[in-house]
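**Q** Protein chains in written order, with the numbering used here: chain F, 1 to 483; chain V, 1001 to 1481.
Since the hints were made in silico from the structure, they are not lab data.
There may be inaccurate statements among the hints.
As the list claims (entries may be wrong) - Think about it this way: if two alpha-carbon atoms lie no more than 20 Å apart in a straight line, the pair counts; the simulated SDA-like pairs of lysine to any residue are:
1) F/Lys374 <-> V/Tyr1272
2) V/Lys1413 <-> V/Ala1461
3) V/Lys1172 <-> V/Ala1461
4) F/Lys85 <-> V/Ala1039
5) V/Lys1079 <-> F/Thr360
6) F/Lys341 <-> V/Pro1084
7) V/Lys1079 <-> F/Ser364
8) F/Lys341 <-> V/Asn1472
9) F/Lys341 <-> V/Gly1253
10) V/Lys1097 <-> F/Leu232
11) V/Lys1264 <-> F/Ala365
12) V/Lys1079 <-> F/Leu232
13) V/Lys1097 <-> F/Ala365
14) V/Lys1335 <-> V/Thr1382
15) V/Lys1172 <-> V/Ser1351
16) V/Lys1264 <-> F/Ser364
17) F/Lys341 <-> V/Ser1140
18) V/Lys1449 <-> V/Asn1472
19) V/Lys1079 <-> F/Lys85
20) V/Lys1401 <-> V/Ser1364
21) V/Lys1018 <-> F/Thr360
22) F/Lys353 <-> V/Tyr1270
23) F/Lys353 <-> V/Phe1082
24) F/Lys374 <-> F/Thr360
Computed from a predicted structure; not experimentally measured.
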Amino acid sequence: MYEKTLSEQSQALAAGDISSVELTQSYLDRIKQLDGDYNSFITVTEELALTQAKKADERRAAGDASALTGIPLAHKDLFCTEGVKTTCGSNILDNFVAPYESTVTRKFKEASAVMLGKTNMDEFAMGSSNENSHYGAVKNPWDTKAIPGGSSGGSAACVAARLAAGATGTDTGGSIRQPASHCGITGLKPTYGRVSRYGMIAYASSLDQAGPMAQTAEDCALMLNTMAGFDLRDSTCMDREVPDYTATLNDSLEGMTIGLPKEYFSTGLDAAVEQRIRDAVTEYEKLGATVKEVSLPNLELSIPSYYVIAPAEASTNLSRFDGARFGHRCDNPADLMDMYKRSRSEGFGEEVKRRILVGTYALSAGYYDAYYRKAQQIRRMIRDDFMNAFEQCDIIMGPNAPTPAFNIGEKSDDPVAMYLSDIYTLSVNLAGLPGMSVPAGSVEGRPVGLQMIGRHFDEGRLLNAAHRFQQATDFHKASPFTA
Amino acid sequence: MQWETVIGLEIHVQLATKTKIFSGASTAFGAEPNTQACAVDLGLPGVLPVVNEEAINMAIKFGLGIDAEINRVNVFERKNYFYPDLPKGYQTTQLDKPIVGAGHVDITLNDGSTKSIRIHHAHLEEDAGKSLHEDYHGMSGIDLNRAGTPLIEIVTEPDLRNAEEAVAFAKKLHSIVTTLGICDGNMSQGSMRFDVNVSVRPTGQEEFGTRTETKNLNSFKFMEAAILKEVERQIDVLEDGGKIVQETRLYNGDTGEARSMRSKEEANDYRYFPCPDLLPVVIEDSRLEKLRADMPEMPDAKKARFISEFGLSDVDADILSGDQPTADFFEAAAKGSDAKLASNWVLGEVSRSLNANEITIADSPVTAEMLAGLIVRIKDNTISGNIAKKVFEALWNGEGKDADEVIEKKGLKQVTDTAAIEAMIDEVLTANARQVENYRAAPVEKRGKMIGFFVGQAMKASRGKANPGMVNQILKKKLDS
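Isolated chain F (complex conformation) (with noise of 0.2 Å):
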């Protein structure tokens, strides 16, 4: 049962031919059998999810179910989940035990979903590569000597592995879209605003956005209808009615305009995986979409704009990680000042301290305009490129990434390198648009993805196209175990 689809799982379970308790029993199986290999999970809720599934089976035999009741998920472990631990992948936060629910999880919970654990992931969702968690690098399932993309890699390592039905994640930068491009699977980051944030563990307020990452765009919305929405708890959640997103997954693609920015196809990106995103776009015209050439032509400056408004923003975030009320405290502090910086020494890796640096220097007296200022003011521009682009198309499609998935260490000692490669996600972000990775097939046995941008609060057309891409080739049925 653990190959087949969300999708699939829900009718089985609706028909009768599986219960919850036992298809919840036999990933919890797998997932003491296989991850050890991968370390994919920071924690295993074993107890709690097969007294979940006992209480999802009886409201399924209460005639009262939803699509994803008894279905088994697992949660990025910054989704503060009430009487669970919730680490961020951070040492600060090992002894954490969250005394309330995220309205993502909470949202989960209300349909009787499952939760089989938590999720490794990148400190404080800080990372290109799963390599920076408290709790040890996650492995690629296609190949265990790669990095699985971060940094909710653990969250796309554990759906390619076949250890949950699906998976949440958070995408600051490309985290969703990014790893599930080097896993293999199809995951979604909705336009900021579609889904609230609150109980998610904040890293760039601005540009963090919860969205689903399962097998097949068909799960991706109907776990999306059940995530999105308004929340009186946050107040950059927006309030908008929420579609069915399955209703239009069949729609026609005849007509639709399909955008390739030239940018996403100059220097810097793989040959091979150029190939398996032009062989995509083929599909679609077979599909009925036209393709025309955009321009954006800010693309270049997103990096520097991201990378000096994420950290500035998680530099503030991240200062109630003090060891006075919560988290890692330093033994014996000499004062008050020690106990500051001696927590949040011992607490924070490296790539966070880093960005927490970056981001204190960006905002500092007399740096604001220079860095800060100027940031904001690229981010408009890039926005307005989008805004440009979708005039005369309705999709734009490119790479996620410049590569296939690379080694784990390749990278590790330059992190420069390390951002650049998120050149192509990162800017969705600081457009606030919703973006989209889907299994395009692979480069020397690791998976390529597609990623698709669309406007504004437009998830319903990505998931469309996806599931229309899907229904027309296999990439996305290739797990590491029939490849």
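Dock chain V against the given chain F, drawing on the hints supplied.
**A** Coordinates of chain V only, in the frame set by chain F:
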């Protein structure tokens, strides 16, 4: 050398909202530590702020109350620093785009003249928690009940020239915020806290001297004392050839001592930037109009009305309009009685008794209605002004539900019966035959003074109940005949 003082104030005013500025936790004062702090106030990971619309309304009302521009798009920013009572590691406040722009507050000086003090701006922000340094054996306790309490910080231009003006301004501001009902005005509980920026310069000099800031003064008395002390200190330093260092100072109201807290060099870099968790606050026309329509009568307008409607003097009207509870008490007492008398009583007996018992007018045992009833009995000659004081005292001590009951119970009704008064006067004249002789022998121009003796004797004989006017009249007639 002659010195001139320059003072600017920053005032933190706690808004009287039921819940905090970014969370649903209660703002009530005096609860057990950390019982009124929810996950948002504690800055737990993942929580997000949501603006309390009532706090926005109150800030707007303040702006309207001081004739200020309301910034229709205002922005919350993060002010970053580490301190144990600051749970998030930043304070959410407003810097570049505060909700209230430039305005003014007019004060009345002791010589009766008025002066307009410019307000630079007022912004919304959240309060921090409190560090408790006692009872923790070398450690500190943190109480976050106050964290997230909504404040407006009001910043004046350096328009004040001495402690007296500063106090007059502070009192006027107190009157404005209590009239608006946006602050309970309870200074001892920290509802209003003053930071004073003080500098001195040789009289006639254009540019300002170096200033110091004394923080967190929570009474008019302490503020005045702190200013006087700092002015004296600065003049001493300058006259000794020294220089004033820009610094933050602390004043201890209990000991009257002041000391330096930190110099400018040690000041933080707060790394302000717009809070990405909060969207800009956009104030629509309709909201502004609705709040404008709901504005209460402001102290200046009230004062003008007290003068024109009740014929009060400028000074009396100024005091009575100065704070909302006193103004309301006066108006209720004046209603159906006599405004002049009500004014005299509120400023006299009522305020004396309140001061002696250290209570506020809201807790006065003699209500405005009781006072009005008392005044009516003075007006209709049932009792004299002197007897009225006895009645007031009885009412204050709870010896009756209203003036009539006290008058009745104690038999204080004024004697206005001519025959009875005549009989009493006859007795007095008989008992003081020698004085009567002296009176009649005295030249007419001296008699006016001498009659006071007989009035006193007659009033004494009546135990104060005789109508003094009638006593005077009858005495004159009998003595002069």
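**Q** Does each hint hold? Answer for all of them.
**A** Results for each hint:
no. : hint                    : result
1   : F/Lys374 <-> V/Tyr1272  : holds, 15 Å
2   : V/Lys1413 <-> V/Ala1461 : holds, 15 Å
3   : V/Lys1172 <-> V/Ala1461 : violated, 49 Å
4   : F/Lys85 <-> V/Ala1039   : holds, 16 Å
5   : V/Lys1079 <-> F/Thr360  : holds, 12 Å
6   : F/Lys341 <-> V/Pro1084  : holds, 13 Å
7   : V/Lys1079 <-> F/Ser364  : holds, 11 Å
8   : F/Lys341 <-> V/Asn1472  : violated, 87 Å
9   : F/Lys341 <-> V/Gly1253  : violated, 35 Å
10  : V/Lys1097 <-> F/Leu232  : violated, 25 Å
11  : V/Lys1264 <-> F/Ala365  : holds, 15 Å
12  : V/Lys1079 <-> F/Leu232  : violated, 25 Å
13  : V/Lys1097 <-> F/Ala365  : holds, 18 Å
14  : V/Lys1335 <-> V/Thr1382 : holds, 19 Å
15  : V/Lys1172 <-> V/Ser1351 : holds, 19 Å
16  : V/Lys1264 <-> F/Ser364  : holds, 17 Å
17  : F/Lys341 <-> V/Ser1140  : holds, 18 Å
18  : V/Lys1449 <-> V/Asn1472 : holds, 12 Å
19  : V/Lys1079 <-> F/Lys85   : violated, 30 Å
20  : V/Lys1401 <-> V/Ser1364 : holds, 14 Å
21  : V/Lys1018 <-> F/Thr360  : violated, 36 Å
22  : F/Lys353 <-> V/Tyr1270  : holds, 19 Å
23  : F/Lys353 <-> V/Phe1082  : holds, 16 Å
24  : F/Lys374 <-> F/Thr360   : holds, 16 Å
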